[in-house]
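**Q** Chain by chain, the residues:
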Amino acid sequence: MNEKAEKLIDKKGIRLDGRKADELRPLKLQVGVLSHADGSAYIEHGKNKILAAAFGPREMHPKHLSLPDRMVLRCRYHMAPFSVQERKSPAPSRREVELSKVIKECLEPALFLELYPRTGVDVFVEVLQADGGTRCASITAAALAIADAGVPMRDLVVACAAGKVDDTVVLDLYDAEDKLGAADVPVAYMPSLNAVTLLQMDGILTPEEFEKAMNMAMDGCKKIYEMQKEALKTKYMVVKEAEE
Amino acid sequence: MPMFFEKKQLVTPGELLAEGDYLAGENTYMEQNKIYASRIGLVDTDNKKVNVVALRAFYVPKMGDIIIGSVVEVGFNGWTVDIKSPYTALLRASDVLSRPFKPQNDELSQVLNAGDLIVAKIASYDRAHDPQLTVGEPGLGKITRGQILHVTPTKIPRIIGRKGSMISMIKQETGCQIILGLNGVILVTGKNLEDEELAITAIKKIEEESHTSGLTDRITQLLKESKGKVEENKIE
Chain A
800 MNEKAEKLID
810 KKGIRLDGRK
820 ADELRPLKLQ
830 VGVLSHADGS
840 AYIEHGKNKI
850 LAAAFGPREM
860 HPKHLSLPDR
870 MVLRCRYHMA
880 PFSVQERKSP
890 APSRREVELS
900 KVIKECLEPA
910 LFLELYPRTG
920 VDVFVEVLQA
930 DGGTRCASIT
940 AAALAIADAG
950 VPMRDLVVAC
960 AAGKVDDTVV
970 LDLYDAEDKL
980 GAADVPVAYM
990 PSLNAVTLLQ
1000 MDGILTPEEF
1010 EKAMNMAMDG
1020 CKKIYEMQKE
1030 ALKTKYMVVK
1040 EAEE
Chain B
17 MPMFFEKKQL
27 VTPGELLAEG
37 DYLAGENTYM
47 EQNKIYASRI
57 GLVDTDNKKV
67 NVVALRAFYV
77 PKMGDIIIGS
87 VVEVGFNGWT
97 VDIKSPYTAL
107 LRASDVLSRP
117 FKPQNDELSQ
127 VLNAGDLIVA
137 KIASYDRAHD
147 PQLTVGEPGL
157 GKITRGQILH
167 VTPTKIPRII
177 GRKGSMISMI
187 KQETGCQIIL
197 GLNGVILVTG
207 KNLEDEELAI
217 TAIKKIEEES
227 HTSGLTDRIT
237 QLLKESKGKV
247 EENKIE
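From first to last, the protein sequence lines are chains A and B. Following our numbering, the numbering of the first sequence begins with 800 at its first residue and continues without gaps. Following our numbering, the numbering of the second sequence begins with 17 at its first residue and continues without gaps.
In case anyone wonders, no lab produced these hints; they're calculated from the structure. Treat the hints loosely; a few may be bogus.
Stated by the list, open to error - So these bits of chain B aren't anywhere near chain A, every CB distance computed over 12 Å:
hint: 1; residue: 102
hint: 2; residue: 158
hint: 3; residue: 181
As the list claims (entries may be wrong) - Computed spacing ranges between beta-carbons, pair by pair:
hint: 4; chain 1: B; residue 1: 35; chain 2: A; residue 2: 1033; range: 25 to 33 Å
hint: 5; chain 1: B; residue 1: 60; chain 2: A; residue 2: 889; range: 43 to 51 Å
hint: 6; chain 1: A; residue 1: 1010; chain 2: B; residue 2: 45; range: 29 to 37 Å
hint: 7; chain 1: B; residue 1: 229; chain 2: A; residue 2: 1025; range: 21 to 29 Å
hint: 8; chain 1: B; residue 1: 129; chain 2: A; residue 2: 998; range: 52 to 60 Å
hint: 9; chain 1: B; residue 1: 131; chain 2: A; residue 2: 864; range: 52 to 60 Å
hint: 10; chain 1: B; residue 1: 45; chain 2: A; residue 2: 897; range: 27 to 35 Å
Just so you know, even glycine gets a beta-carbon here, dropped at the ideal spot from N, CA and C.
Chain B with its partners taken away, still in its complex shape (with noise of 0.2 Å):
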């Protein structure tokens, strides 16, 4: 049962990854008892189960996904949201309103427009479907403020790190309310610009050098150097 990588090896499509009495992960397929790689990035074990940890890629809705959407549509009884997947996704107006929706009373375009950014659930989602979102929980619905940014979705856990270690590190440096949305899409909500511009720099950095090692202490060094700067300004 031989492999044929080394831990956190970049690999592309095609690569042979093992053969034998493995499990085809994330991102590799399996064919005549051999493990391929199907997309570009890092390799790795998880007991008997081989994951390559992409570089690339794009989100595909998962049930009980919390994800952030721009409206890009109003239709008749509900909106078509966009969430940067291959699929758009459908919001119907009964869930917003909590109360059975009439046509007749409700304007739909004053409760959400197009362009709108909603924090939303998937509630369902199959190959024949389009995804369905929900936003009748605590935390869910409309954003008011804040500044958004995109990332390759796959660079989600690493910017959450080990046991939420990196996000919540960024949180408590910059003192910003932070919302991954697990389609890429981020959402940061601070006290001033600065913070959320800080928190901005740190997350990009997170998603350029992924595939470096020692980013952590990378990061915290950035976070503390300038927060440092903003203090000495601001003393002066």
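Isolated chain A, as found in the complex (with noise of 0.2 Å):
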């Protein structure tokens, strides 16, 4: 391994892509971009370009998996043959299989599932490109695609991660940092509710050091909740705008 790649930041606190350690990657996302599904979200985090569905409620289907007391939500993370360096097989891995329960698990809080049972809601989330972080971005834009689907939500979940990179902790780690850091600890928090819906630990992390992580964190979600909300907002400020 060359020199470079050992060191991931400088002297200055600059990062191999040029950030600071408090910096998110810029983000861009886009609500209502499929017209065929219920609701839909894109989302480009850094590198990350990923794509959201969402469909219902509506009848389950196998009709054997609806619950007859509340709605079931059913989220598919996928990753696209083309979205990494190497060619991934399009069948469901053992990764894309824990993510989806993870991506499921974290958008439920935000929902009503007792208005509505025996019914369900379908999420599908397709990575087009990766560079690390993705099921963050995914739960990001998963969220805006079922709040743009008319489905009713406690609050917008929002996820980013922080991690330590050469003793330093860090926030939003894309994919070297990720491989070659330390620790990575994603965080999806609803923050009009102060709630945290997901939080993993992928490395070894002191008490202060987790405190700070999981802080920088949450204060990256923040920032991205603001975007999330003003995406939300743009798709219907645009017919209002051109009338006016």
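Once you've looked at the hints, go ahead and assemble the two chains, each given alone in its own frame, into the complex.
**A** Laid out in structure tokens, this is it:
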């Protein structure tokens, strides 16, 4: 390994991709990009490119999976074969099955599941290009797609990761930092309610470092939340401005 | 008791709307004495009640609603009807035939077949059971002519307008008969195709721009203008 790759942060505290420790990657969010889905969203988070589509609530198929007392949320996280450098087999991998479950579980607290018994909401997340932190970007996009579909929500769910790279706690890890860094803490958060819906940790952190990472991730979430709200409003603002 | 919005402000799910002595109305919810929005829409207050008029929603059946649905399946003693809702509705054969239904005498597909459209009323609905429909009232039943269009169900009140001002104006200007299904399906029947097309254009414009102000004036203008054009063509 060359010397450059071993040092992920230089003496001035600038990371390999030119960011400061507490800086997010550039984000672009768009709502209502797919016409066949009830709701949809597209996110560009750094080099991540992810599409999310939401359907429902609708009758569950197969019917035996529906529940008599509440709505069922189903998520499918999938990476396109061209989303990574080496071709990824399109069959769902162990990692994708796990991420589907993780995304489902962190979106569930935001929905009023008990309002629409015997129905199902389906969310499809398709990663077109991956560069670290796809689970967080997927959650952010999936929440937007559900809101766009008109499903009542307690709050938009927004996710962001923090981690440790070269003994420094940094925000929003990208692929190289994720792989070579010491720890990764993805956090999904509902800012208005101040509730955390997902918290994972990969790697080792001291309690102090963990607290710092957690706060950093939550601050990052709040910044993304503003963009999320803006993206949702933009869809309807465009019509309004054209008329007035 | 602060309120955190201006009237007709666009809000997103999770936005804090009011705190304290208020009631949570449509598309809002209350938690720890605070009212939040649960859908994207425009906020408004009605006395102490905070409502959000959703820009995007789906239809939830309510007893007594007039809806328009399409028959998807002919069953043994009734039909299953798609009513553009999370739940499919049931229409019983005895309700349509207005006499006891005998499977050996009546062929249900001759009365209503898959693909037929009906105007119906929700007879019953609760959490545990799919909605039941009835067509046993004047004005309800199979649709034989006209055009169908779909809008977001929450926009139906906007199309009706204040005390029915918007819809009666469209009816008057186009000479069309319009049935608004509360599930967001609309039936337009007119004397000729041009009238129907005009009514549909007007309704689509309302749906798209329902959250903007001065809409009634623009719709009146649209209707008057296109009607003028049609008449000019006739004279020529």
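**Q** If a hint holds in the structure, say so; if it doesn't, say that too.
**A** A quick look at each hint next to the structure:
no., hint, verdict
1, 102, "violated (4 Å)"
2, 158, "holds (24 Å)"
3, 181, "holds (20 Å)"
4, B:35 <-> A:1033: 25 to 33 Å, "holds (28 Å)"
5, B:60 <-> A:889: 43 to 51 Å, "holds (48 Å)"
6, A:1010 <-> B:45: 29 to 37 Å, "holds (31 Å)"
7, B:229 <-> A:1025: 21 to 29 Å, "holds (26 Å)"
8, B:129 <-> A:998: 52 to 60 Å, "holds (55 Å)"
9, B:131 <-> A:864: 52 to 60 Å, "violated (28 Å)"
10, B:45 <-> A:897: 27 to 35 Å, "holds (31 Å)"
The structure fails hints 1 and 9 (numbered hints given earlier, in ascending order).
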